[in-house]
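Asks: The numbering of the sequence shown is the working numbering, which starts it at 21 and goes up by one.
None of these hints come from the bench; they were simulated from the model. All values reported here derive from a predicted model rather than from experimental measurement. One or more hints might be untrue.
Simulated pairs of lysine to aspartate or glutamate, EDC-like, Cα-Cα distance not exceeding 20 Å [unchecked claim]:
(1) Lys706 to Glu655
(2) Lys175 to Glu163
(3) Lys701 to Glu302
(4) Lys205 to Glu637
(5) Lys103 to Glu93
(6) Lys612 to Glu566
(7) Lys383 to Asp430
(8) Lys266 to Asp160
(9) Lys266 to Glu150
(10) Lys599 to Glu637
(11) Lys612 to Glu298
(12) Lys599 to Glu428
(13) Lys612 to Glu213
(14) Lys383 to Asp433
(15) Lys612 to Glu295
(16) Lys701 to Glu655
(17) Lys571 to Glu349
(18) Lys383 to Glu446
(19) Lys659 to Asp332
(20) Lys659 to Glu298
(21) Lys103 to Asp92
(22) Lys701 to Asp284
(23) Lys659 to Glu423
(24) Lys60 to Asp77
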Amino acid sequence: MSDGPSHASSFDENDYARPNQPWQCGWAAAGHACPLGPTKWGLCRSAYECSPYKKADTWLCARTKARGGTCDEGPLPDGTCCKQIQKCQPTRSVLSKRGVCSLTVFTAAIALAMIILGVPNRQLLVSPGELTSQHSQVVDRCEDCHAAVAGGAEKWIHNAVSTQAAQQQSDLCLRCHVELGAQAKHPHGQTPELLAELTRQRLDDPRSPLNLANSELVVAKSIWRPPGSDHAGLACATCHREHRGKQAHLAELTNQQCQVCHVDAFRSFSSGHPEFAEYPYERRTRLYFDHLSHFGEHFATTSASGDRKCSDCHQPDSAGRYMLVNEFETTCAECHSQQIQDDTTLGLPAISIPGLDVDALVKNGRTVGQWPSDYPLHVEAAGTVSPLQRLLLRSYDEYGEIEQALSEVDLRDLREVDSAQLQAAESLVWLLKESLYDIIEMGHPELFRRLNAVLGPEVNEEQIAMLANSYPLHMTITMQERWLPNLRAEVQARRSGTSLPVPEEIAVTDPVIAIQQERLADKLLASGWYLHGSSLSLRYRAIGHEDPFLKVLLDIGASGVVSRRDTSPTHATLRDLFKQVASPFSAGRCTKCHSVESNPITGTHVNWRPYRRPLSEHRFTGFSHTPHVTLLREEACSKCHPFSEQQRDANSVFRPEFISSEWQPAMDAHRFTSDFEAISKANCAKCHSHDSGRDTCLTCHNYHVR
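Input sequences plus hints: build the corresponding full structure.
Replies: In structure tokens, the structure reads:
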């Protein structure tokens, strides 16, 4: 049964309820409201307890049973009730109060809206607070950042209940913050697959508390759905809260916010944070510099360098984050300039006249024309063609077969070769003469055309032009006039099909005079192109640090080391060129300091510069050197980076992670031994403690990684 109020079964058992009337009797709260109630204007009628009725000639009382029934006194003679009710102050009914309240609120809202739309600075009236100083300088309108402003009232209502509003808001943020990349709404700006892989690596770490049989991918879980599924992503406002004043820090997060996703929680940096293991040494340095040998041996034995400090070679970058290596002139030139321009090192052969067994060729009926086999100092001429000269010869169609036939032949001894190889040797002699003739006659354009025909698919034109334009034509002419004076007449006669001129004997120069002439030439041109009479070759020495010719040779040669399985003749020649120039004992000794590395993504390249991380790059971890160097000065270097105590091979001239046992650059940058011990967490915790307030996650870790 219902427990609600019961109603009288007869009209005289209760007063008549008037719930829809705007006013009610003031005595209703006391439980004895008058039966008539107030007027519709809320005025008390000061009525009587009943309205007597007349039966025949007698007035009878009509008071209800709820008010005590018929009174003893009865009505007055004129029919008026003898029980007058005291006047009250009528009150509004509940329904009326609700109506008045609703009308008041509605009217106030309309008035407020009209005020907001009417004042000049109406946006300030609805703004929840000031923008940060950064945004206040570039944002003029609410719609620049709020997607709902662009629509009407329906759009506002839709965005108030829509689950996509936060994502639309984030899209507006990313219209300006394009540097965050296409994955900006994923955790850390990384793809779900990469996050899952990073978490798997974390789980595989035996030091991790997450290394459990049923552990979930905790980091990947922070994107709310499994990797590979469609998802909206994290909204910017999840972490960045605006309208908190000009001085608010948008990127400031608490440790608790980080640990919403990273459930591998710990108490503080000093208590629970993992050790750094081998951080930050992920690979070898791009410049080969042995700190142990320099500080332990070289600096100690050189008076001018005896007081060397870390800051002599390293300074923070403009942002104070990373330590950069100073320029060569201020750090290395004092000791190493002479090694680069060392005139005791034989220059790199560009064009040479190889040693040739002329007697064997003539004896077998082969024609070679004039050849400087009896030149007095022709004692170092090689029996093969230099790699740089082979690149030039490869532009001639017939050279491929010649090279293949003479692949195992030393031109200085042709006594045991077959007729095909003798024919190839004769063809090579005339091809060498023709190539030299073409260079002399047509100059640099001919050099560029032929080199571009060979290297075009592998090397860009700028490098080829640099290589061709560096070639000294005047010395080539001198070379021809000194060692092959009949060259022009011989090549012209051979190409026209006429008989060759009778070879003229090259005037024999007194050996003493020849040595003096060569030394004079070396003295005049010791730092560049020069003619080397002992090997009948045009050679090149470095003109100093950052030598442009040697640099382009190494870069071009490195393009042939992309894949050693590529057996094309051009790649094979490029590899031979690289092997010749990349030796730490070659002219310029470039690879004595500049490492070479190879990987499937970037190919093979020489590291000409030390690593300088772009200021726009953000990794998971970051470190600012400036405050540490400023506060701790020189002590900071040795305290954080103590020298490694691992034993080195004292008999090794070069460290094997940079130079192999074959005197060639080691190309795996991740096989190395660091000069320093790993950074100690306990050392950092001396300053970065809970009491100092400098042990938050964001002190060292970045959220946006790019």
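Asks: Confirm or reject each hint.
Replies: Now for the hints, and whether the structure bears them out:
Between Lys706 and Glu655 the alpha-carbon distance is near 14 Å, which keeps this suggested pair within the 20 Å criterion. This hinted pair checks out: Lys175 and Glu163 have alpha carbons roughly 13 Å apart, not beyond 20 Å. Restraint check for Lys701 and Glu302: satisfied, since their Cα atoms lie roughly 17 Å apart, inside the 20 Å limit. For the given pair, Lys205 sits about 18 Å from Glu637 by alpha-carbon distance, which is consistent with the 20 Å threshold.
The straight-line distance between the Cα atoms of Lys103 and Glu93 is roughly 9 Å, inside the 20 Å bound, and the hint therefore holds. Annotation: proposed proximity of Lys612 to Glu566 holds, straight-line Cα distance about 13 Å (limit 20 Å). Restraint check for Lys383 and Asp430: the C-alpha separation of about 17 Å stays at or below 20 Å, so the hint holds. Proximity of Lys266 to Asp160 is assessed by CA-CA distance (about 15 Å); at most 20 Å being required, the pair is judged to hold.
Our distance criterion of 20 Å between C-alpha atoms is met by Lys266 and Glu150, whose separation comes to about 6 Å. Between the alpha carbons of Lys599 and Glu637 the distance comes to roughly 35 Å, so the proposed pair goes past 20 Å and is violated. For the proposed pair Lys612 and Glu298, the alpha carbon gap of about 26 Å is over 20 Å, so the pair is violated. Distance restraint check for Lys599 and Glu428: the Cα-Cα separation of roughly 19 Å lies within the 20 Å cut-off, and the hinted pair is therefore satisfied.
For a cut-off of 20 Å, the pair hint linking Lys612 to Glu213 is broken: about 41 Å separates their Cα positions. At most 20 Å may separate the alpha-carbon atoms for a hinted pair to count; Lys383 and Asp433 meet this at roughly 13 Å. This hinted pair does not check out: Lys612 and Glu295 have alpha carbons roughly 35 Å apart, beyond 20 Å. Our distance criterion of 20 Å between C-alpha atoms is met by Lys701 and Glu655, whose separation comes to about 17 Å.
Only pairs whose Cα atoms come within 20 Å are accepted, and Lys571 paired with Glu349 is accepted, the gap being roughly 18 Å. For a cut-off of 20 Å, the pair hint linking Lys383 to Glu446 stands: about 12 Å separates their Cα positions. The hinted pair formed by Lys659 and Asp332 meets the criterion: a straight-line CA distance of about 17 Å does not exceed 20 Å. A distance of roughly 16 Å separates the Cα atoms of Lys659 and Glu298; the hinted pair therefore holds under the 20 Å criterion.
For a cut-off of 20 Å, the pair hint linking Lys103 to Asp92 stands: about 11 Å separates their Cα positions. With a C-alpha separation of about 18 Å, the suggested pairing of Lys701 with Asp284 holds against the 20 Å cut-off. Annotation: proposed proximity of Lys659 to Glu423 is violated, straight-line Cα distance about 59 Å (limit 20 Å). With a C-alpha separation of about 35 Å, the suggested pair Lys60 and Asp77 falls outside the 20 Å cut-off, and the hint is violated.
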